[in-house]
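Number of protein chains: 4
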Amino acid sequence: MAGDPERPDFEERVRSSFAKQGLMSTLGATLGTISPGVVEIGILPHAAISQQHGFVHAGAVAAIADSAAGYAALSLMPPGTGVLSTEFKINLLAPARGDRIVARGRVVKEGRTLTLAQTDVFAESDGREKLIALLTATLMTVEGREGVRD
Amino acid sequence: MAGDPERPDFEERVRSSFAKQGLMSTLGATLGTISPGVVEIGILPHAAISQQHGFVHAGAVAAIADSAAGYAALSLMPPGTGVLSTEFKINLLAPARGDRIVARGRVVKEGRTLTLAQTDVFAESDGREKLIALLTATLMTVEGREGVRD
Amino acid sequence: MAGDPERPDFEERVRSSFAKQGLMSTLGATLGTISPGVVEIGILPHAAISQQHGFVHAGAVAAIADSAAGYAALSLMPPGTGVLSTEFKINLLAPARGDRIVARGRVVKEGRTLTLAQTDVFAESDGREKLIALLTATLMTVEGREGVRD
Amino acid sequence: MAGDPERPDFEERVRSSFAKQGLMSTLGATLGTISPGVVEIGILPHAAISQQHGFVHAGAVAAIADSAAGYAALSLMPPGTGVLSTEFKINLLAPARGDRIVARGRVVKEGRTLTLAQTDVFAESDGREKLIALLTATLMTVEGREGVRD
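Residue numbers (this note's numbering), protein chains in the order written: chain A, 502 to 651; chain B, 502 to 651; chain C, 502 to 651; chain D, 502 to 651.
It should be emphasised that the hints constitute simulated quantities derived from the structure, not laboratory data. Any given hint could be a false lead.
No distinction is drawn between identical chains; accordingly, a pair holds when it is met within one copy or between any pair of copies.
Below are the EDC-like pairs computed for lysine to aspartate or glutamate, each with C-alpha atoms no more than 16 Å apart in a straight line [what the hints assert, rightly or not]:
no.	residue 1	residue 2
1	Lys610	Glu647
2	Lys610	Asp651
3	Lys631	Glu611
4	Lys610	Glu630
5	Lys521	Asp600
6	Lys521	Asp651
7	Lys631	Asp600
8	Lys631	Asp651
9	Lys631	Asp621
10	Lys521	Glu611
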């Protein structure tokens, strides 16, 4: 990959921040493809992340979808800044079950202070993908705040 | 507690369903007060549920807030039905940190098919509470669907 | 256009329903392209639909975006049913001004009861388009309710 | 009314800005009670603001609810600033019909840059009120931007 000349370290930046998210590790989530403005996070359905009917809990789906959106945004942000979600909205279209759940976040509109990103969440079963959730998030670029960086 | 004559088992129903949510156990979440249409869920900040700056991850906040909204709704639903979130929206007002995070869900409007609920999420520090997030959720009453009950 | 064999009258259905929306006429909104699952609505910025700084009011942007999403959904619904919005979310990315505002609604996922649609809203200026808003809506298919049809 | 010593002109500020919103006049909307952080806007159902079944269009409901939230926020903002909606979410709970529709906006959390507000929308019929919609909005305080003030 040629990389983005303005953000040469976007991938390392995302991977290193992701590694600090205790929740992602607790959920068993893993990073997939990373490009400038696009980040993929996957998770395997299992009992430890379930809701009461055995599906993956909407909160776990939202967690990886929010992280995918946030890292898609962070991958485009200036060095030395950090990212925080200010709000998100998720529509849950079908129960989250199958072989694997994958969240694909992408930046819709980059702004100086606020960035809009969307994440499509798919359930993979027998090699086929089905859209199960759609998340829209507003991410804030945070500068010069103690402890909020990358 | 006098209880609701129409839903005598609402508390047992919520507790028994909550116990099946693997994610709640994984996050270390616990049920608090339960009344008809109102459910409280708490969580203690720790590294296993953190985001990259050490705050509780927005996904973990959303997970307990969504469950609190869902169980507030379920506490009013007819016996034999189940509850599913169809969408939710969360505004994150301040970093989730402190001694404890508590989510208080309440039903705003009960409907035959769709119920609207809201959850206020507070951070407790030194005995004081601060509103850190507000979630609005649409819950669907599910009847007669295999495996979707309580 | 070949049309959709299952919904031969989708265009007439949308046009005839749109003509009954008093608000669309009051706002000066007009229908553009209509395909199965995709509907476009446009509006010309003018003082009668402004907010206090002279931009098009977010409520007017939301109105055409919601109608575009709703008609995208209606274009796929079974004959004899009607459509109602149950909720929508809009992110306002830039002030709504320019030569023309155009809302392009499309169905993301069709369901028996609930359909998810999204609308991109663009401002056109000097022949160029800029994304100014993104709306996500849940539409309900209504059957057999007095007065709620098309 | 005693007024807020820090914002002595909040009511005049809101009324004067509201008077500049061409859309409010076009919809026939009127300001009701104004207190610091709380603003009411009403509207009479009529054909010019209807959707296809004769109810008030969700876009008109959203417009007054968004303005009520925005003005609730503006009433608390420092002099010389302006307010813009960055996003809102509305749940439509029942058809908007009756003698009058009234939107009551209130600030949930004031921030330096972003303020969260909520609006309850009621339909009045025969002297009784019914909750028909709930809107949550993020408002941005804008300073020093040409043309964006009050």
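A quick look at each hint next to the structure:
With identical chains, the CA atoms of Lys610 and Glu647 are never at most 16 Å apart, being 26 Å at best within one copy and 22 Å at best between copies. Taking identical chains as interchangeable, the C-alpha atoms of Lys610 and Asp651 are never at most 16 Å apart, the minima being 19 Å within one chain and 26 Å between chains. Taking the closest pair of Cα atoms, Lys631 and Glu611 come within 16 Å of each other only across two copies (13 Å); inside a single copy the shortest separation is 28 Å, beyond that limit. Taking the closest pair of Cα atoms, Lys610 and Glu630 come within 16 Å of each other only across two copies (14 Å); inside a single copy the shortest separation is 26 Å, beyond that limit.
For the homomeric pair Lys521 and Asp600, neither the shortest alpha-carbon distance inside one copy (26 Å) nor that between copies (21 Å) is at most 16 Å. With identical chains, the CA atoms of Lys521 and Asp651 are at most 16 Å apart within one copy only, with a shortest distance of 10 Å there and 36 Å across copies. Taking identical chains as interchangeable, the C-alpha atoms of Lys631 and Asp600 lie at most 16 Å apart only when both belong to the same chain, with a minimum of 11 Å there against 39 Å between chains. For a Cα distance limit of 16 Å, the shortest separation of Lys631 from Asp651 qualifies neither inside one copy, at 32 Å, nor across copies, at 26 Å.
Only within a single protomer do Lys631 and Asp621 lie at most 16 Å apart by alpha-carbon distance; the minimum there is 10 Å, versus 23 Å between protomers. For a Cα distance limit of 16 Å, the shortest separation of Lys521 from Glu611 qualifies neither inside one copy, at 24 Å, nor across copies, at 31 Å.
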